[in-house]
Amino acid sequence: MDHKNLYQEVILDHNKKPRNWGRLTDASHRAEGLNPLCGDHIWLSVKVDDGKLGNISFEGESCAICKASSSMMTTNVKGKSVEEAEQLIREFRDMATGKLDTGSEPNHLGRLSVFAGVRDLPSRVKCAILPWHTLHAALNAESTVSTEGDRDPVGATER
Amino acid sequence: MSSSSSVLKAAHPVAAIDVERIRADFPILNVKVNGKPLAYLDNAASSQMPQPVIDRFVRYQTAEHANIHRGVHYLSEVATAAYEAARVRIQRFINAREAREIVYTRGTTTSINLVMHGYGRQFIGRDDEIIVSQLEHHSNIVPWQMLCEEKGARLRVIPCNDAGELLLEEYAKLFNSHTKLVAVTHVSNALGTINPIKEMVATAHQQGVPVLVDGAQAVPHMKVDVQDLDCDFYAFSGHKMCGPTGIGVLYAKASLLEKMKPFEGGGDMIVSVTFEKTAYNVIPHKFEAGTPPIAAAICLGATIDYLESVGMDGIAAHEQDLLAYANDAFAEELKDVRIVGTAAHKAGVLSFAVKGVHPHDVGTILNEQGVAVRTGHHCAQPVMQRFGIPATARASFYLYNTLAEIDALVAGIHKVRKIFG
Chain E
1 MDHKNLYQEV
11 ILDHNKKPRN
21 WGRLTDASHR
31 AEGLNPLCGD
41 HIWLSVKVDD
51 GKLGNISFEG
61 ESCAICKASS
71 SMMTTNVKGK
81 SVEEAEQLIR
91 EFRDMATGKL
101 DTGSEPNHLG
111 RLSVFAGVRD
121 LPSRVKCAIL
131 PWHTLHAALN
141 AESTVSTEGD
151 RDPVGATER
Chain G
1 MSSSSSVLKA
11 AHPVAAIDVE
21 RIRADFPILN
31 VKVNGKPLAY
41 LDNAASSQMP
51 QPVIDRFVRY
61 QTAEHANIHR
71 GVHYLSEVAT
81 AAYEAARVRI
91 QRFINAREAR
101 EIVYTRGTTT
111 SINLVMHGYG
121 RQFIGRDDEI
131 IVSQLEHHSN
141 IVPWQMLCEE
151 KGARLRVIPC
161 NDAGELLLEE
171 YAKLFNSHTK
181 LVAVTHVSNA
191 LGTINPIKEM
201 VATAHQQGVP
211 VLVDGAQAVP
221 HMKVDVQDLD
231 CDFYAFSGHK
241 MCGPTGIGVL
251 YAKASLLEKM
261 KPFEGGGDMI
271 VSVTFEKTAY
281 NVIPHKFEAG
291 TPPIAAAICL
301 GATIDYLESV
311 GMDGIAAHEQ
321 DLLAYANDAF
331 AEELKDVRIV
341 GTAAHKAGVL
351 SFAVKGVHPH
361 DVGTILNEQG
371 VAVRTGHHCA
381 QPVMQRFGIP
391 ATARASFYLY
401 NTLAEIDALV
411 AGIHKVRKIF
421 G
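These protein sequence lines are chains E and G, in that order. Reminder that position 86 of the first sequence reads as 86 in the working numbering, one-by-one numbering, no gaps. Reminder that position 37 of the second sequence reads as 37 in the working numbering, one-by-one numbering, no gaps.
In short, the hints are calculated from the structure, not lab data. Treat the hints loosely; a few may be bogus.
[Stated by the list, open to error] With a straight-line cut-off of 30 angstroms between C-alpha atoms, the simulated DSS-like cross-links for lysine-lysine are: (1) G/Lys173 <-> G/Lys151; (2) G/Lys415 <-> E/Lys17; (3) G/Lys415 <-> G/Lys36; (4) G/Lys180 <-> E/Lys16; (5) G/Lys253 <-> G/Lys355; (6) G/Lys180 <-> E/Lys99; (7) E/Lys17 <-> G/Lys418; (8) E/Lys99 <-> G/Lys36; (9) G/Lys198 <-> G/Lys253; (10) E/Lys16 <-> G/Lys355; (11) G/Lys355 <-> E/Lys17; (12) G/Lys198 <-> E/Lys16; (13) G/Lys335 <-> E/Lys17; (14) G/Lys418 <-> E/Lys16.
Bear in mind the structure is a predicted one, so any value in this text is a computation, not a measurement.
Bound-form chain E, shown alone:
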C-alpha cells in the first residue's frame, strides 16, 4: 500500500492541528484510552446533555493516525445523539477492520472514510480505533480502555 492511501492531506492536517484539543472542566463523561503496544495514550472528555453530545475534547500522546482519528471523531460526533455516536463507532470499527466497504455499502462515515486504508495495516488498526473505543467507554461509564486483551470492547484484535 502506498502511503498516499493512509497519510492523506486531511489526516496530516488533523495531526498537525488537532481540533477540540484539551480537557473539559464540565464534562459529564470521561475515559482514558491506552494502546500499550505502541504507547498511544489519550484522555477524552465529553458533555452529554439531553441525550446529545455537546462539547467534546481530547488530549494525549499518540501517533498521527490516532491523533487525526481522535480529532476527526470529535468534530464528527459533536451535536449527535448518543445512539448516532454509537452507530458511528460501530461503522468506524467495521471499516477499519475490513468488514465495511465504505465505497459500496451504506454508512454515515463521510470524510472519516479516509481511514479505510488502515485495514491493510493490521498493526495500525488499533491506532485508528483507539479514540472510538475510548468514546464508547466514556459513554458507557467505563473509565479506562486498553486495546489489549479482555478489555478490547469493540473486538479490534479479532484479526
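Use these hints to put chain G onto chain E, whose structure you have.
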C-alpha cells in the same frame, strides 16, 4: 560521533566479510516489500536463517527424527547423538567448561525464568535484594519482580547516564549484606550499549554475589567466553543468531545447576519415579522435562557452524562499520533526528526519534519503502522512561546488511520528514 567507515575498516585487524556471498545464503532477503527490495533492519527482534541451517532442518526431519534419550532403535540413537552433539557445539562456542553446563530452553525468557524458579525461589528470601539495571528488557525485570512479590524481596536498579551507559560507581554502592543476585544485560536491546560485564561480575563476586547475564543481544554479534566473563548464569536465544525460534540456552556453572531445583517436572528429567519419591536426573537433563524442540536444538548447532564459518570477529567488525556509516549519515543528513543511546561501546543498534513524528508513523512509512525496523518501547519501558520518550524507531544490523540498506533507511527518513513537513 564516530569516524568514517573507511577509517574504521582500515583499523580492523580482522578480514572483512564478503557480504554479497553471505547474502546469497539467505533466501528470505530476496523478498520484495511493496515492490521494493527488502532492507531487513530488525535483527535485534529476530534474525533470518541461512540455507545451510534450513537444509539441516530438512535433513533431520527427512532422515533422522525420533524421540531422544529413550528407545534403542536406530533413529532414536541418531537423533540423540545429533541433539547432544549440538550441546557440545554450543558449549565450545561460548567456551563453557563442560557440556552439562548447557541447558536447552525455549529461549532467553525461559532461561531467566528457569533461574528465577530453580535458584531464586530457593536462595532468595524476605528482605533480600536483587540488582538489575535501567537497561533491562522486560524479561530480565518481570521474573525478578514476581520473585520479589512472592518472597518479600526488593529490586535495586543500576542507573545509566544520558548516553545509556551504566554508572558503575552507583552499581558498586548498591551492594549490601542483603544482595543475593545481579541480573544484567550484556547488550541493551533498545540502545545497543555493551555493558562491561567482566568488570561487573568481578564487582559482584567480591561481595560473594552471583551474576546472571542476559546475552540475547550479545551472543549473535560477538565472541562470548563465559569462563573469561566468569558469570554464573548466561542466557541467550537461537532465533536472534540466525537459528530457529523455540530454542534457547541457559549456561550455568555446574556447581550452581547441581544446587538448583528443577523448573518443570515430567519425563526425561528423572532417573526413577514411584508414588513415594522421584529421583531427578543429572544435570543438564534435570532441567529438560518433556520432549524438547529436538530439530531446533540440532539446527542451533548448525547455526553456530555457519556463524563460525563466517567468523564472529568479522561479523562484529562488519556491524561496527555499518553503525559508523549510519552514525555519519544521520549526523550529516538528519541533524534533527535524535539518536537515543550513544554509548562509547555500542553494538549495531540505532534507536532514533524523528522530531514531531511518532515512531509508528515512521515505521509504517519506512515499510512502504521496503525498510523493516522495529518501532515501540522494545519491551524496555524503563529505558524509554529514562529518556523521557514513549517509544523509538530502531534499526539493528547483522552480518547480511549492507551500506545500501542504510542508504535506504536514510532516504526513507527523508521521506517521513517530507510527508510530515
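(message) Checking one constraint from the list: CA of E/Lys16 to CA of G/Lys355, max 30 angstroms. Satisfied?
(response) 13 angstroms, holds
(message) G/Lys355 and E/Lys17 were given as a pair; does the straight-line alpha-carbon distance stay at or below 30 angstroms?
(response) Holds, at about 16 angstroms.
(request) Compare the distance between the alpha carbons of E/Lys99 and G/Lys36 with 30 angstroms, and conclude whether the hinted pair is satisfied. (result) This hinted pair holds, its Cα atoms lying about 29 angstroms apart.
(message) For G/Lys415 and G/Lys36, compute the direct alpha-carbon distance and say whether it is at most 30 angstroms.
(response) 15 angstroms, holds
(request) Please work out if G/Lys173 and G/Lys151 have their alpha carbons no farther apart than 30 angstroms. (result) 23 angstroms, holds
(request) Mind checking the alpha carbons of G/Lys180 and E/Lys16 for me, to see if they're no more than 30 angstroms apart? (result) Distance of about 51 angstroms is beyond 30 angstroms: violated.
(request) Decide if the proposed pair is consistent with the structure: G/Lys418 and E/Lys16, CA atoms, cutoff 30 angstroms inclusive. (result) Judged against 30 angstroms, a Cα distance of about 14 angstroms means the pair holds.
(message) Next pair to validate is G/Lys253 with G/Lys355; report whether the Cα-Cα distance is within 30 angstroms.
(response) Violated: G/Lys253 and G/Lys355 sit about 47 angstroms apart, past 30 angstroms.
(message) Need the status of pair G/Lys415, E/Lys17: alpha-carbon distance at most 30 angstroms?
(response) 21 angstroms, holds
(message) Need the status of pair G/Lys180, E/Lys99: alpha-carbon distance at most 30 angstroms?
(response) 55 angstroms, violated
(message) Run the distance test for G/Lys198 versus G/Lys253: straight-line Cα separation, threshold 30 angstroms.
(response) 16 angstroms, holds
(message) With the threshold set at 30 angstroms, check whether the alpha-carbon distance from G/Lys198 to E/Lys16 stays at or below it.
(response) 49 angstroms, violated
Consistency note: the structure conflicts with the earlier hints numbered 4, 5, 6 and 12.
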